[in-house]
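Engineer: Take the given structure of chain A and dock chain B to it, following the hints.
Top to bottom, those sequences are chains A and B.
The numbering used here puts the first residue of the first sequence at 1, with every later residue one more than the last.
The numbering used here puts the first residue of the second sequence at 560, with every later residue one more than the last.
Just so you know, the hints here were simulated from the structure itself, not pulled from any lab data.
Please read all numbers here as calculations on a predicted model, not as lab measurements.
Not one of these hints is a red herring.
FRET-style restraints, in silico, Cβ to Cβ:
1. Gly493/A to Arg584/B: 55 to 65 Å
2. Ala599/B to Ser286/A: 32 to 42 Å
3. Asn307/A to Arg700/B: 49 to 59 Å
4. Val187/A to Ala741/B: 20 to 30 Å
5. Thr663/B to Pro181/A: 26 to 36 Å
6. Val664/B to Arg201/A: 49 to 59 Å
7. Ser286/A to Met728/B: 38 to 48 Å
8. Asp622/B to Asp335/A: 52 to 62 Å
9. Ser488/A to Ala599/B: 35 to 45 Å
Think of the CB as a built atom: it goes at the ideal place given N, C-alpha and C, for glycine as much as any other residue.
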Amino acid sequence: MRAVDAIMECLKAEGVDAVFGLPGGANLPTYDALYDAGIRHILVRHEQGAGHAAAGYAKATGRVGVALATSGPGATNLVTAIADAVMDSVPTVFITGQVRTELLGTDGFQEADISGITMPIVKHSMMIHDPRDIPRSIHEAFHIARTGRPGPVLVDVPQDLSRADINYEPIDSVSLPGYKPTTEGNVKQIRLAAKALANARRPVLYVGGGVINAGGSKELTELALSDRFPVTCTLMGLGAFGAPHDQWLGMPGMHGTRTANYTIDEADLVCAIGARFDDRVTGKLSEFAPRAKFIHIDVDPAEISKNVPAHIPIVGDAKRILPKLTREYRALETDPTRLDGWWQRIRGWQEKYPLAYVDSEDSEIKPQYMIEALYEATGGDAIVTSDVGQHQMWVAQYYDFAKPRRWLNSGGLGTMGVGLPFAMGAAVGCPEETVVCVAGDGSMQMNTQELATCVDERIPVKVFIMNNGYLGMVRQWQELFWDRRYSSVDIGGPSPDWVKLADAYGALGMRVSDKAELPEVMRTALAAEGPVVVDVRVTKEENTYPMIPAGQPARDMVG
Amino acid sequence: MGEPATQEILDLRDLQVPGARPGRRHILSILVENKPGVLARVAGLFARRGFNIATLAVGPTDDSTVSRVTLTVDGAVHPIDQVTKQLHKLVNVIKIRDLEPDETVARELALFKISADADSRAQIMQFTDIFRGKVIDVSKRSVTVEVTGTDDKIEAFERMIRPFGLIEMVRTGEIAVSRGRAVT
Chain A
1 MRAVDAIMEC LKAEGVDAVF GLPGGANLPT YDALYDAGIR HILVRHEQGA
51 GHAAAGYAKA TGRVGVALAT SGPGATNLVT AIADAVMDSV PTVFITGQVR
101 TELLGTDGFQ EADISGITMP IVKHSMMIHD PRDIPRSIHE AFHIARTGRP
151 GPVLVDVPQD LSRADINYEP IDSVSLPGYK PTTEGNVKQI RLAAKALANA
201 RRPVLYVGGG VINAGGSKEL TELALSDRFP VTCTLMGLGA FGAPHDQWLG
251 MPGMHGTRTA NYTIDEADLV CAIGARFDDR VTGKLSEFAP RAKFIHIDVD
301 PAEISKNVPA HIPIVGDAKR ILPKLTREYR ALETDPTRLD GWWQRIRGWQ
351 EKYPLAYVDS EDSEIKPQYM IEALYEATGG DAIVTSDVGQ HQMWVAQYYD
401 FAKPRRWLNS GGLGTMGVGL PFAMGAAVGC PEETVVCVAG DGSMQMNTQE
451 LATCVDERIP VKVFIMNNGY LGMVRQWQEL FWDRRYSSVD IGGPSPDWVK
501 LADAYGALGM RVSDKAELPE VMRTALAAEG PVVVDVRVTK EENTYPMIPA
551 GQPARDMVG
Chain B
560 MGEPATQEIL DLRDLQVPGA RPGRRHILSI LVENKPGVLA RVAGLFARRG
610 FNIATLAVGP TDDSTVSRVT LTVDGAVHPI DQVTKQLHKL VNVIKIRDLE
660 PDETVARELA LFKISADADS RAQIMQFTDI FRGKVIDVSK RSVTVEVTGT
710 DDKIEAFERM IRPFGLIEMV RTGEIAVSRG RAVT
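Just chain B, with the same shape it has in the complex:
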């Protein structure tokens, strides 16, 4: 035990509920044991508690026994504390980081298959350059472009090329890592 209890008056009216955080989009970086069924547990938990997953990305880490799930969830809709506490109850979940936007580098990869003829192809390639994308496939009537970046950037690119005729878009969902030397 620490120092003896003090006797200063505590007015019950002064008590506030701690931990209430403003609603925003949250990126959760979750380390899980690399075992069968773990993703089903995470996804199932979101479904049955009524939490909505915005994006989800799963992959191996430098440790073969551990996988990383990166998912984004709208904190304005769901109390993020409840989401993380419920996730922590899953025995296979090792660690959860709720990444602060200012201290996080996040990237997403998107592939766009766009209608293109001889006239529009140059314009599409120009946008691709501006967004530092890459053309990865071309046919007589289409161009396929790879773009990486934050979800804002990908959505901006989507707006630019949509008028040309967007045939298909495939997005990975964001992955993220904390800035600086510290481990996410």
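Isolated chain A (complex conformation):
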């Protein structure tokens, strides 16, 4: 059969039920094979949308997301999505068309060295040189994307090779000599970690997106509840430990809660699980948790002691390690009262510094209120995506995520414009769920074109634009650190009219600027059948607080 038909067989064997992409010259054969392959194809309007949608699908379902693009500009349009996926460890496979082999290296029409361009931002990439390698390469790509620390894998297929006739035989296992992720965790180290937890007087569990990737939320919760361990989850980890909860401290870091940050600051033992001590969490690294010893559990050995030296490193899969750690911990008879003093201190912070904002006394919609209203309207149980900026932080602060894979956003790369395509991918992967995108009025304009995809493909995402007329986070920094010189952040002119724009795309457009009307508008939007865009006019100059100024220690939070 043709190599492209073999690719379809491989995708089906990998359980792929939907792919996102856009055809072009070099991947015409792929699209010919896709025509009657029995795999749903979501035709996006820009390849960046395909890349992020594949990531949104992966984040929401835990399965590998797939995006297709042609050579040259098609492939380069995927670059941001690939970089986003590597930073947030999203299992994705990108299959790009490439010019014919005889044209390689000649600056042929729509030629770009996409494996060279993406080399620093992929987990792995493969350029096909022999059509007989294609089936194995596709399966290897899926294997690498989903195992160990997940990430993006690129397979670049020259057009002539994709049309070649090959002898296809199903492949049921792959073996890579240089790729053997450690999963189980060292038993002695796990025992040592249990003892450290038992001897800690001021412990805290610092949980990242790795726990969600591992599918280890239940196991994490069991560890947390095996004693009264305080829990904080990073931006990527929200939902790994169900909020609200008695042991829940909120998110740590730059816009985290004071309680979470002060708890880490005064902890004697930080148990990091699937987290990577990002600078947005640590603030000034030399003053991060200065009194603490560190247990670091991560599937990627290179994360251990990268930023913070780990006293007890444990390499492996959180889902495999956490039950062993819980068992070891339970076997130690610990004094349940030893954490009383610690909790007294934590409760003091919680009482003194709750997440709070001053609500308006008139009809103005405060952005924080908007998120609270959304939480109410969705019963706290929607899949929520966001773009990047103030609105993202407010969702993270005010929408309590009770379950994993409910909160999809761009943490590491901080990519504006991901919200709508993430939501699109999530809705395709989880058709039974309500999928909501909280967008910024800046970010939303970076991938607006995907509204056409949502309408045509009947993907019923509900977009709530938190419209303050600014590139809000930049404005906030200019206000606080650049003398209020608002340089190029005002986007609040009359354009675009979101209601008309939604209407032009064939989606339902709504606008609301009165607090009293907001809940009803949200309910209407959520109950509507197809895609909806709601232009929510919020306070223009509201700041995201609390905040650790960049490079400062956590205890110097402001706001």
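Structural biologist: Leaving out everything else, chain B in the frame of chain A:
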């Protein structure tokens, strides 16, 4: 699972960060899959993580599907654990050995093209003998010498002949193998 957990008291103050090794020059012997682009991945990784490669040598091994990259890196400047862990993340990297200096035989080949006239030629050849080098080309105004050895020896030879007028020097970068019967 092994034996049941013991209950001896563990004081958190006793916990130390393991694995911190003193900074020195490291010779990394890296087995990689012999596939296109693998060297670019290794070199690119060093560039983007800000690690500086001192020397680099690449060649085939006894197995045609596998190549060996030998590179030296200053461990005082870069935490060598981070370097090797990041290298291990490359799917095409099969094995990495951080060779201990005492248990390693390392050699480098260097070619020196030196200005020489009738007067100085004999002296240059004498140094070449002392360093167990070989003269591999002679012209009226130059001598080209081949020297193998550790980088110390090559640098010592360079110092000796530089006063004669060093026209060019070409070095391969070190290759290394572990001492004894064990496979590197």
